[in-house]
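For this one, chain B is given, so just place chain E on it according to the hints.
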Amino acid sequence: MFFQKKIDYQHSYKNINFKGKRDGEEIILLLRRHWMVFFLRFVPFLLLLIVLIFFHTVGREIFDFFIFNIDKNIFYLLESFLWMFYWLALFVVWVNFYLDVWIVTNNRVVNIEQLGLFSRHTSELKHNKIQDVTSEVQGLVPTLFGYGNVYIQTAGNKQRFVFKQIPESTNTRNIIMQLQKKALLEEKKKEGEILRGKT
Amino acid sequence: MVFLFSVLYWVFVSIAVIVALMIVYHIWTYYLNKNLAISTIIFFIITFLILILINYALFSSVDLEKLFSSIF
Chain B
29 MFFQKKIDYQ HSYKNINFKG KRDGEEIILL LRRHWMVFFL RFVPFLLLLI VLIFFHTVGR
89 EIFDFFIFNI DKNIFYLLES FLWMFYWLAL FVVWVNFYLD VWIVTNNRVV NIEQLGLFSR
149 HTSELKHNKI QDVTSEVQGL VPTLFGYGNV YIQTAGNKQR FVFKQIPEST NTRNIIMQLQ
209 KKALLEEKKK EGEILRGKT
Chain E
12 MVFLFSVLYW VFVSIAVIVA LMIVYHIWTY YLNKNLAIST IIFFIITFLI LILINYALFS
72 SVDLEKLFSS IF
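Chains as they are written, first to last, in my numbering: chain B, 29 to 227; chain E, 12 to 83.
Bound-form chain B, shown alone (with noise of 0.2 Å):
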């Protein structure tokens, strides 16, 4: 579709680090949400920005007008603040999405969420747990810009697993799916070994 980007699936993730990355491990997938997810939640910052230069040409007309006649300092000082939390804010959202990523390595699949500032939730399944992969694009934008969700369902437990507003979500999925049937090819060969007294 129209502006949809294709990821270089084969792209090297070598430099690529993350908290509780064994030894061996290759990362095949980095996802994170698609950038048009910030984007929409930009939106309301560019809404605010538009607020806080009109506030800074004509706020003190305002102030003067109907509150009181306000000393040009302390306008100015009100006015450091609320960039100051602006620029705060900014960065919360930022992180918020910068940290939310769902890694894909060659025998596990990591979903590392952040909730907020101090809530982070992290957890991982092993290929051969894996019992059902789907994939959803539900919307116009997502649609248009090639983004959706992708879920896993595991075989131990009832819980999902959900990859939220990646791009590329079908091919992500055909790439789980490949994994899975690889991890439980190697496991049926390891049985075999097994039954046949190889080990």
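None of these hints come from the bench; they were simulated from the model. Heads up, the beta-carbon is just placed ideally off N, CA and C, and yes, glycines get one too. Any given hint might turn out to be false.
To be verified - So the derived list for chain E, only partly shown, Cβ under 8 Å to chain B, looks like this:
(1) I34
(2) H37
(3) W39
(4) I65
(5) S72
(6) L78
Frame of chain B; chain E shown alone:
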């Protein structure tokens, strides 16, 4: 009143600094791309320091005595 205003000012600035430190801590601890994390932290800290300095300069230029005598 002047004292209260000064305390309030420092409370606000402290909150901003604590939140900023938490952001830096998060990017630093959970980085996936070291170069990007370091450049982001540097960019964030420089801009934030400039904002704090402007803020402090404005705060020190405010004549608090005059302000409160004109309001109350």
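Now the hints, each set against the structure:
1. The interface hint given for E/I34 is met, as the beta carbon of that residue sits about 5 Å from the closest beta carbon of chain B, less than 8 Å.
2. A distance limit of 8 Å between C-beta atoms decides the matter here; for E/H37 the minimum to chain B is near 6 Å, and the interface restraint holds.
3. Interface restraint check: E/W39 against chain B, minimum CB-CB distance 11 Å, threshold 8 Å, status violated.
4. The criterion of a C-beta within 8 Å of any C-beta in chain B is met by E/I65, whose closest approach is roughly 5 Å, and the hint holds.
5. Taken as an interface hint, E/S72 checks out: its beta carbon lies about 5 Å from the nearest beta carbon of chain B, inside 8 Å.
6. Proximity of E/L78 to chain B holds as hinted, the smallest CB-CB distance being about 6 Å (cut-off 8 Å).
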